[in-house]
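Residue numbers (the numbering used here), protein chains in the order written: chain F, 1 to 520; chain Y, 1 to 305.
There's no promise every hint is true.
Unchecked claim - Pairs of lysine-lysine, DSS-like flavour, derived with a Cα cap of 30 Å:
id, chain 1, residue 1, chain 2, residue 2
1, Y, 186, F, 126
2, F, 293, F, 97
3, Y, 201, F, 410
4, F, 150, Y, 52
5, F, 138, Y, 220
6, F, 414, Y, 52
7, Y, 52, F, 166
Bear in mind the hints are in silico, worked out from the structure with no lab data behind them. Fair warning: this is a prediction, and the values are worked out from it, not measured in the lab.
Now for the letters of each chain:
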Amino acid sequence: MKHGKKLLLTVLIAFALILSACTASTAGEEKESDGNVKDGLLESESVVIGVAAEPTTLMGSTQPAAPTYSIIHNIYDNLIEYDGKGTFLPRLAIEWKSIDELTWEFKLREGVTFHNGAPFNAESVKYTVEYLMNPDNKSLYSGRWTDLIKEIKIIDEHTIQFITNKPKANFLHLVYTDINPLEPGYVEKVGIEEAASNPIGTGPYKFKEWKVGESISFVANEDFWEGEPETKELTVKFIPEFSSRLSALLSGDVELIRSVPTDSIDRVEQDQNTKIISTMSGKNAFIALNSSKEGPLQNVKVRQALNHAIDVDLLIKNVMNGHAQKLTSTLTPFNVSYLAVDEYEYDPEKAIKLLAEAGYKPEDLNLTFDTTNGYFPMDTQVVQAIAGELEKLGIKINVVQNETGVFLQKATSKGMGDMYFITSAASTEGESFYSFYFSTTGAYTYINDQKLLEENVEAFKIFDPVQRQKAMDGIQQRLRNEAVSIPLWTGEDIWGAADNISFEPKYSEVVDFYSIKRSK
Amino acid sequence: MVDFIIKRIAQSVIVVFLALSVIFFLVRLSGDPTVLMIPADAPPEQYEEFRKQHGFDQPIYMQYVNFISSSIQGDFGDSIRMNTSAVSLVIERLPATFQLAFSALALSVLIAIPIGVISAYRRNSLVDRLGVGFTILGQAIPNFWLGLILIYLFSVTYQLLPSSGGGSMMHMLLPMATLAMHSIAKFARFTRSTMLDVLRKDYIRTAKASGTPTSSILMKYALKNAFIPLLTLISLELGTLLGGAVIVEVVFAWPGLGRLLMDALLNRDFPVVLAGVFFIALIYTIINFITDILYAFINPQIRLQ
Chain F
1 MKHGKKLLLT
11 VLIAFALILS
21 ACTASTAGEE
31 KESDGNVKDG
41 LLESESVVIG
51 VAAEPTTLMG
61 STQPAAPTYS
71 IIHNIYDNLI
81 EYDGKGTFLP
91 RLAIEWKSID
101 ELTWEFKLRE
111 GVTFHNGAPF
121 NAESVKYTVE
131 YLMNPDNKSL
141 YSGRWTDLIK
151 EIKIIDEHTI
161 QFITNKPKAN
171 FLHLVYTDIN
181 PLEPGYVEKV
191 GIEEAASNPI
201 GTGPYKFKEW
211 KVGESISFVA
221 NEDFWEGEPE
231 TKELTVKFIP
241 EFSSRLSALL
251 SGDVELIRSV
261 PTDSIDRVEQ
271 DQNTKIISTM
281 SGKNAFIALN
291 SSKEGPLQNV
301 KVRQALNHAI
311 DVDLLIKNVM
321 NGHAQKLTST
331 LTPFNVSYLA
341 VDEYEYDPEK
351 AIKLLAEAGY
361 KPEDLNLTFD
371 TTNGYFPMDT
381 QVVQAIAGEL
391 EKLGIKINVV
401 QNETGVFLQK
411 ATSKGMGDMY
421 FITSAASTEG
431 ESFYSFYFST
441 TGAYTYINDQ
451 KLLEENVEAF
461 KIFDPVQRQK
471 AMDGIQQRLR
481 NEAVSIPLWT
491 GEDIWGAADN
501 ISFEPKYSEV
511 VDFYSIKRSK
Chain Y
1 MVDFIIKRIA
11 QSVIVVFLAL
21 SVIFFLVRLS
31 GDPTVLMIPA
41 DAPPEQYEEF
51 RKQHGFDQPI
61 YMQYVNFISS
71 SIQGDFGDSI
81 RMNTSAVSLV
91 IERLPATFQL
101 AFSALALSVL
111 IAIPIGVISA
121 YRRNSLVDRL
131 GVGFTILGQA
141 IPNFWLGLIL
151 IYLFSVTYQL
161 LPSSGGGSMM
171 HMLLPMATLA
181 MHSIAKFARF
191 TRSTMLDVLR
201 KDYIRTAKAS
211 GTPTSSILMK
221 YALKNAFIPL
231 LTLISLELGT
241 LLGGAVIVEV
251 VFAWPGLGRL
261 LMDALLNRDF
271 PVVLAGVFFI
281 ALIYTIINFI
291 TDILYAFINP
301 QIRLQ
């Protein structure tokens, strides 16, 4: 028994040692850096944000997915910015023009420096575009640039020209989203892997520390060209679960949280220390109708009938809690090519009449309806409500809930059922939206009318702005008449915030750290 | 003894290999990660290029052969999503997961064993009933719900503890308590039932008859004998805690391996999933291995077999 006692003691000691080894190293490190965050700073100068997802890289011009782009944009900045109302605003570029259909010239802001002190100039812009086009760098933007760019010419220190292989009327929209200027000297010196985890840019915030799986912290860039940001320190915490994010806000652990679902808005507003900050976003929620598949949806009258059968206002009121704006066109008002077209007003009787004209009784229709589950805002709730409305008319709806990966795979491999619910990210020009959903080569296109699709693609080639807009108007009118989809709404980008925090969310849902302030 | 150890090492290698093989084919059943990674407006060549880069263009048996030959050398490839080594991503997360699992285990042992011992000794008393009730509750409450309730009580209402995140000891208390709840219940029930068995034994009756003090009977004679089967349960539970803390890690935004694995699974980041499973399987078999050897030490009968 004595032997056993010793053994037990040894096991316990070993156990305690392992435990203390684990705790001491990690906890010790974290504590130290936690302490540093507040060093020399008043609490009021630092703000903590809670978001759901973590970036996959901190390299600029590499990854367009929202969790990454929202952070990247604040470290690197952009050449220009689109305001969602038809105008481009200067940022790192102060002037731009198209010299001819194939040549674009940008004048860059002088006196801007990177976080390491290196000057920002035409060379860094050229380097960035060459970086994103190089397949070795695995930038997800590469596809749309490699075929487009013929030559990049540095005219002088602060002037750069892009010469394209073909006219590209929406070139500025690509420049806006895709170019986050990199510092060539730095990237060359440390290599891409290091530059991706220790980024250097020109943006309002300098990268400080990335605790993987936990948070990224930033300090204000005192040399920022627009002036030093008011909030001196900023930490973005990753809290995947919404209930936990909400608790973090209510307990004061974080002061700003992203993506509040519409059914939780009341909870935030009822707490006396928190409030909702929201803005209409350019997100485009709609139901795509599949006419590429044999069946009743190939008949335009059936598609129009479905449009008449859904009470969008009621859905906005009951499912979206009023936090959405009804759409009639395939584009949103934030898109520069937008045209307000007539809506298909809610009229179930007309729907039944149209079905009869097409030779169907509502009971004859048996449609599959694909949706994601928790990927797009309120997706399953919206789809169930719509299915309910259609079933009231007697139409049979088979809702298929897909895991996100399965949904995307089905969508891109033409495997969708009769209709699917989708929420497209904010698009700023007609081509970028239509080339996806309603063009001959679109990955998400489910239209059997080839002529219609070809006419759309023809419009993309028009360079003259007036003619182009005319063509875009035509597309919207045709797509409306053909009832290729059921437009629903643009939703809001909804944030929960501590009462003393001010912040301006944007239609594009890109988070602008510069606008986050604390009232003194 | 040496034979025994060699045999167990060989078995462990086979277990890890089989676990990896099963997961390799299972994750591939979920589909192709390309659509999740490449923007939908990218030209088809970019899709092809991506598939080629990651070897998805090859037949599945070739992918398997390549995977096995490189993983034997410790190379699980780069994360599809992060473009960095999958193994290093996993190793980065291990300390946080260890910290949480070991402390939850220690907490459960410290709480569960006294509950079990007292319940067994004072069988059918109020203390026993409360103990049993508590353990049933503990096993019945879902982690997810308990976590949210604890956050609501300790962070939102009383603001005593941080609601989520990792780092300090304070951050660890709530996830640790949530994770430990189930193990406490399991250990306490098990301790109670084995203690009841032991307490019925003749040698305990003899000890009682000879006037040995109760504390000595419980601690010296009864618990020590009850501890042997408990040891297996604890070691198995550690494996469960290491691999099964996913929900707790998500609720508390704890930067551990469970969360990394869940993100990787949802994004079909196969290399990270496989590297994660490899480490969990490895740790699990190592723990089992150590338990077996400890067993052999404690119980010479096993050694002799």
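> What are the numbers of the hints that this structure violates, sorted from low to high?
Replying inline: When the structure is compared with the hints, numbers 1, 2, 3 and 5 turn out to be violated.
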